[in-house]
Amino acid sequence: MDQAFAQRRRRDLIVAACLAGLAALVPLFVKDVYYQNIMVLTLMYAALSQSWNILSGYCGQISLGHALYFGLGAYTTALLYTKFGVLPWFGMVAGGLISALVAMVLGYPCFRLRGHYFVIATIVIAEITLLLFQNWDWAGAALGITIPMKRDSWLTFQFARSKLPYFYFALALACIAWFVTWWLEDSKWGYWWRAVKDNPDAAESLGVVVFNSKMGAAAVSAFLVAVGGGFYAQFVSYIDPESVMGFQFSLLMALPAVLGGIGTLWGPALGAVILIPLTELTRSYIGGSGRGVDLIVYGGLIIAISLARPQGLVSLFARKPKADARPVREAVAS
Amino acid sequence: MTILLETRNVTQRFAGLVANSNVSISVQRGEIVGLIGPNGAGKSTLFNLIAGAFRPTEGTIVFDGEDVTALPAAERCQRGIGRTFQVVKSFESMTVIENVIVGALVRTTVMRDARRKAHQVLAFCGLDARADVLASDLVPSEKRRLEVARALATEPKLLLLDEVLTGLTPVESQKGVELVRRVRDTGVTVLMVEHVMEIVMPLVDRAIVLDLGKVLLEGKPADVVRDPKVITAYLGDRHAVGA
Numbered sequence: 001m002d003q004a005f006a007q008r009r010r011r012d013l014i015v016a017a018c019l020a021g022l023a024a025l026v027p028l029f030v031k032d033v034y035y036q037n038i039m040v041l042t043l044m045y046a047a048l049s050q051s052w053n054i055l056s057g058y059c060g061q062i063s064l065g066h067a068l069y070f071g072l073g074a075y076t077t078a079l080l081y082t083k084f085g086v087l088p089w090f091g092m093v094a095g096g097l098i099s100a101l102v103a104m105v106l107g108y109p110c111f112r113l114r115g116h117y118f119v120i121a122t123i124v125i126a127e128i129t130l131l132l133f134q135n136w137d138w139a140g141a142a143l144g145i146t147i148p149m150k151r152d153s154w155l156t157f158q159f160a161r162s163k164l165p166y167f168y169f170a171l172a173l174a175c176i177a178w179f180v181t182w183w184l185e186d187s188k189w190g191y192w193w194r195a196v197k198d199n200p201d202a203a204e205s206l207g208v209v210v211f212n213s214k215m216g217a218a219a220v221s222a223f224l225v226a227v228g229g230g231f232y233a234q235f236v237s238y239i240d241p242e243s244v245m246g247f248q249f250s251l252l253m254a255l256p257a258v259l260g261g262i263g264t265l266w267g268p269a270l271g272a273v274i275l276i277p278l279t280e281l282t283r284s285y286i287g288g289s290g291r292g293v294d295l296i297v298y299g300g301l302i303i304a305i306s307l308a309r310p311q312g313l314v315s316l317f318a319r320k321p322k323a324d325a326r327p328v329r330e331a332v333a334s
Numbered sequence: 001m002t003i004l005l006e007t008r009n010v011t012q013r014f015a016g017l018v019a020n021s022n023v024s025i026s027v028q029r030g031e032i033v034g035l036i037g038p039n040g041a042g043k044s045t046l047f048n049l050i051a052g053a054f055r056p057t058e059g060t061i062v063f064d065g066e067d068v069t070a071l072p073a074a075e076r077c078q079r080g081i082g083r084t085f086q087v088v089k090s091f092e093s094m095t096v097i098e099n100v101i102v103g104a105l106v107r108t109t110v111m112r113d114a115r116r117k118a119h120q121v122l123a124f125c126g127l128d129a130r131a132d133v134l135a136s137d138l139v140p141s142e143k144r145r146l147e148v149a150r151a152l153a154t155e156p157k158l159l160l161l162d163e164v165l166t167g168l169t170p171v172e173s174q175k176g177v178e179l180v181r182r183v184r185d186t187g188v189t190v191l192m193v194e195h196v197m198e199i200v201m202p203l204v205d206r207a208i209v210l211d212l213g214k215v216l217l218e219g220k221p222a223d224v225v226r227d228p229k230v231i232t233a234y235l236g237d238r239h240a241v242g243a
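The listed protein sequences correspond, in order, to chains A and B.
First residue of the first sequence? That's 1 in my numbering, and the numbers climb one at a time after it.
First residue of the second sequence? That's 1 in my numbering, and the numbers climb one at a time after it.
Pulled out of the complex, with its shape left as it was, chain B reads as follows (with noise of 0.2 Å):
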């Protein structure tokens, strides 16, 4: 396996606040890789780093052997980074068709090869029956699941989910976790950020734990759930003592 996306000692500061202080983390080619922790622990910001809604105060970030640092958000997206948004983003005035293409012209200028690609991945995302109904008439479940569409139309290398599977029901968030599944079959590595661990831990390679802005831990989703330093991060020490 080789590396497709390393952070190298980011450090983000807002204004007096390390949302990160060092991070260094490296995702594989193919791996399905969680990154968790308590809240406040700088996941969204390492996300958002890494996606290039904003560039970090120290340190690298090197994707498919080139370093994106200076890169604005668009054109990572042209190197092959896609993602999600925590809080959905969809164009509501648009409908759910032309959501998705709109994150296919970024590989095609031509509309109908644009809209065939849509059309694709709507069928992958099990979303196709609701191509022509606006983004706003969507229930919470399916904007997300359009989220994930949108960002598989850019044909990315590395997928970013913010919490696509947080707050759904237990059948929805099973169906998302068989989604994330396929996603990774078709040869795309995914980097997500999860809350709820049951979910996100039989699903993922490998979890980062972030505590505080600093990478806590790494390893296999079994051995880190029982390690006691994240078991202090979300529960506090009095639990850590027990385990």
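If we strip away everything but chain A, and leave its shape as in the complex, we get (with noise of 0.2 Å):
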């Protein structure tokens, strides 16, 4: 049973480097600039998508603020390489840190808070941060921050003339969002968050500190979505505060994970696939007069997964019932 277990770890990491290889070579088929530009949209958002799960999924804790994590390391990177002139990569960890540390200040008070109380607080901190950068006169306040383009340099992390890198930059930042969800998975940290979503009193019982529990995955989701909401400030080279707090991120990075099954190790990244492109795609057809189409497709798609797949989509790819997993009867009986 150990080694069917190792084998199915074993398993997961190589279909998962098998997949980035592929993902690697698309680029060389997809020379579009706007499909281009469709495929960084949608690694990014299954790298945060995979962050806000470990939180939210394996935690059980549902955060729709996550937008904040994002603003904050937006807004580290910009304001750390506009007025200081402090590199993108060093302002994507700055401004990792600085959410890890944000969301255990804001969880010691709100992991008290138990189900749909803690949901509202996220927004709700989320929305209040949102209007303090609106007013924030150093950080742009409203007007926002435009990051002065230079020549195309991997030091600055600017490309004018070509999606590449951020394409495959994003491709790195998914997968490491998948390695490390791979990697608590089967961890002392992993067990202790699905204990704590499922039932906190018998987990405290068992020696789980749920608090901690709490504190640490919120940390490592928020410094993951922090460096993905960096990687977005440079890809994008403006930010103002609507266009990376704004709520709509917190639903964006909830979505594709509800989508493809919470709380797993591939849904994230599948419900990304499907919903990014499709949102993108219908709301270029759509065009101007069908603002709002994506957003109809959003609740669609989810209606459609909580009446048919409330697991989520990866529980059509679930394995068969063991064959060795004896029917109910028997094994009462024995």
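Everything labelled a hint here was simulated from the structure, so no lab data went into it.
Each residue gets a CB set at the ideal place from its N, CA and C atoms; glycine is no exception.
Only true hints are included.
Under 7 Å between C-beta atoms, here's a sample of chain B residues computed to sit facing chain A:
hint, residue
1, ALA73
2, ALA74
3, CYS77
4, LYS89
5, PHE91
6, SER93
7, ILE101
8, VAL102
9, VAL106
10, MET111
11, ARG115
12, THR154
Cut-off 25 Å, straight-line C-alpha distance, at most; resulting in silico cross-link-like pairs (DSS-like, lysine-lysine):
hint, chain 1, residue 1, chain 2, residue 2
13, A, LYS188, B, LYS157
14, B, LYS89, A, LYS188
15, A, LYS188, B, LYS143
16, B, LYS175, B, LYS143
From the derived model, a few chain A residues whose C-beta atoms are all more than 12 Å from chain B:
hint, residue
17, VAL15
18, LYS83
19, ARG114
20, GLY144
21, ALA172
22, ILE274
23, LEU278
24, ILE305
With the hints as a guide, bring the two chains together.
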């Protein structure tokens, strides 16, 4: 049984490596910048959703305020670069660390809340921070920050002529987020998180420090999301509060995981690959008059999923029940 | 024999209701002690106080020579108090083996060791064939055994069993009784709350009777069941006259 488990872990890793390898080849065949742009966004949202999934999927603390960490990452990176000339690479790490710290400071009071109250707290805190940034003159207030374009360079992580560097960075980010999840899944933290999600009282009685588990999940989740935010700032090279901290980002991080399978290893990536291209394409085909059609698509998909596959799309690939798992009756009688 | 657990004058009030009043009990190492009493006697409250689900209003709880009154449940588990819940609290989205691994992780952070330990405990509890089944797919009697397995994986010195034998068929409860005996034989002290006297009395070395939040009586099971005070507590005055 241990071997079967180890095999499954290894198989996940190999499949992921193959998929990443294949994804890396896609730009060789897809030269259209518009489609490349969609691919960058898809990979970015896969990474973000994977990170969101750590706190909300595995640990069960549903956050609808992760735009806060996305925005903090974007702002830290942009501000450090434009005000102090700090390279975005360090900016992204700094943004990650700041976000992790903020997540823990906020978690201290918020993790005492359970269920809906926690969700509402996350929304409210993100909205308050959005308002603060809209009025913070030094950080550009509502006008935002324009990142001055210089020569294309990996050093400053700026590329005006090609989307490819962004594509590969986003791919790397998605891989890192996936790998962190994979690694944590079979660790003390992974088990603690799932125990906390399923039944905090029972978890506590088995030596799980529930509060610390939530804090750990929040920190890891916020760090990774903020790195994604830093990347996004460089990618679009102009940010304002609404465009990096708006509520839609919180939703866009949650939806792929919900669609693909919340609290699963593959769910967020699968969800992002379906959801993001679909919405981007509907938005462009329907055109200017169709504002909001992408949201209708979201809504429709979520309704369809909750009716047909409440566990998310990954459940389509779920393992068949094992042959040696004896039927209930027999097990009772033995 | 030495004392493993002691409650000293423990009192617990819930908004005016006194659930435990001045309860002092002790449990020796290696014993199986039954905690019995009619509904509302305060058995579950006392259990929760010992396990650390909440802190007593007054009194102290000493475990293994240490005052643990202020320690949260997780730390008491680390000290060696394992428990089950009266209303089964499985991790429903996890498989049986994963449920048990959570418990095993108190003693090790090496996943391979935790997994091996979990398999051992499942075999001990007769659940190994169900290791890869989701906990939500277990039948009630299996869920009870999973609760025990999970607690055993934390390698407790004291195991608190909250009505694990209640509501089972005679065959199942007989197997439960055997399991509890085997647990004790591995050196674990057992304190169990039970409702069903005829199951628990042959099993325990000593019985403590709670009534209306107080210790009514303690002693050998055979003496306890014949005591008029106990019969009164369970059945009312009318029956005690005849006894």
